[in-house]
Amino acid sequence: MAYLLLNDDENILINKVGESIYLRSYPQRYSQKSTILGKSNHHDYCVSMDEEQNIHLVFKTTQNSIIHLKGKDPSFTSTTILDDFENNYSISNLQMIHSNKSYLFYCALNPYERTSDLIFHNFTDKKNSAPQSLLALPNLNSKYQCFSKENAIDLVCCVLNDNQYELNLYQYAISEDVWENLGTLIASEYPITDFCFVEHGRGVHIAYVIEKYGHSTLYYGQMLNDQFFSIEIVALGQKIKPVIFVYNDVIWINYLSALILYSSFSSN
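Here the sequence shown is numbered in this note's numbering, starting from 40 and rising by one per residue.
Calculated directly from the structure, the hints in this document are not laboratory data.
Watch out, some of these pointers could steer you wrong.
Derived pair list, reagent style DSS-like, types lysine-lysine, alpha-carbon separation capped at 27 Å [what the hints assert, rightly or not]:
hint	residue 1	residue 2
1	Lys-165	Lys-78
2	Lys-166	Lys-109
3	Lys-72	Lys-182
Label-pair distances were calculated between CB atoms; the ranges are [to be verified]:
hint	residue 1	residue 2	range
4	Ala-191	Lys-166	16 to 26 Å
5	Pro-230	Ile-299	20 to 30 Å
6	Glu-58	Asp-265	26 to 36 Å
7	Glu-189	Leu-298	31 to 41 Å
8	Gln-203	Asn-46	40 to 50 Å
9	Glu-189	Tyr-65	40 to 50 Å
10	Lys-72	Ser-227	42 to 52 Å
11	Asp-216	Arg-63	36 to 46 Å
12	Tyr-252	Leu-298	18 to 28 Å
13	Asp-47	Ser-187	29 to 39 Å
14	Ala-226	Leu-52	33 to 43 Å
Using N, Cα and C, we set each Cβ at its ideal position, and we do this for glycine too.
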């Protein structure tokens, strides 16, 4: 996945093509070339920008180390967060949020419990916390999404509980260093194959897909005042990949199916 970062005077695109993770600024200056930030045969990487507009890049190297780059083009510092040379943990699915500290999430195998766990830890330039297992996921490719807001991080992820798929909402209180389970948004006996969410106004808005008998159904859901409501948008015989966003104070849902991009929006 490519990342587009916005700072005061330019847009910064960070993308991975082949083995190279490169950076390019827009608008381009003169005959500016792309800057290569790192190389790896793994596809896992994530990017964020801090309050001083430093770029933070975390990626998994070919040698299965997790590397953190910080800086501004063309000057970056590199730190090894952890090594997994034998790939015992099969680390994947990286995501990162920056709010005074860097907060890193990833999926990893738990060799003791034989589960696929969602791992969380935070770090600064001088201090690196120990990785913390938050919960067990159905597999290493399980979808999750995190979102930063004032003094908190919201996390939505799909878990398997007593053979039932649940889409749960969690919140991390940054100042207290405490996680809280805010409850189950959706419960389904059929797999929740994809989802995305955005916070707008006083509520959480979610687009999610449930697959049943080879058909995919896209739903829109809203959590407001501790109540969750959902409606069906479309059901198709192909897989659906949704994205949800706010534009002009309106909730938009775009979805891709069979290489065709569709759009839908809320009028309220």
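Hint check:
1. Of the supplied pair hints, the one linking Lys-165 and Lys-78 holds, its CA atoms being roughly 25 Å apart against a limit of 27 Å.
2. Between Lys-166 and Lys-109 the CA atoms are separated by roughly 14 Å; this keeps the pair inside 27 Å, and the hint holds.
3. The straight-line distance between the Cα atoms of Lys-72 and Lys-182 is roughly 34 Å, outside the 27 Å bound, and the hint therefore fails.
4. The supplied range of 16 to 26 Å is met by Ala-191 and Lys-166, whose beta-carbon atoms lie about 21 Å from each other.
5. Restraint check, Pro-230 to Ile-299: a C-beta distance of roughly 23 Å satisfies the suggested window 20 to 30 Å.
6. Roughly 47 Å separates the CB atoms of Glu-58 and Asp-265, a value that falls outside the hinted 26 to 36 Å.
7. For Glu-189 and Leu-298, the hinted distance range of 31 to 41 Å is satisfied, since their beta carbons lie about 39 Å from each other.
8. Gln-203 and Asn-46 have their C-beta atoms about 44 Å apart, which keeps the hinted 40 to 50 Å range intact.
9. Restraint check, Glu-189 to Tyr-65: a C-beta distance of roughly 30 Å breaks the suggested window 40 to 50 Å.
10. Between Lys-72 and Ser-227 the Cβ separation comes to about 48 Å, which falls inside the hinted range of 42 to 52 Å.
11. Distance hint check: the CB atoms of Asp-216 and Arg-63 are about 37 Å apart, consistent with the given range 36 to 46 Å.
12. Checked against the hint of 18 to 28 Å, the C-beta distance between Tyr-252 and Leu-298 comes to roughly 23 Å, which is consistent with it.
13. A hinted range of 29 to 39 Å for the beta carbons of Asp-47 and Ser-187 is inconsistent with their spacing of about 20 Å.
14. Checking the proposed 33 to 43 Å range against Ala-226 and Leu-52 shows it holds: the Cβ atoms sit about 39 Å from each other.
Hint compliance for this structure: hints 3, 6, 9, 13 are broken, all remaining hints hold.
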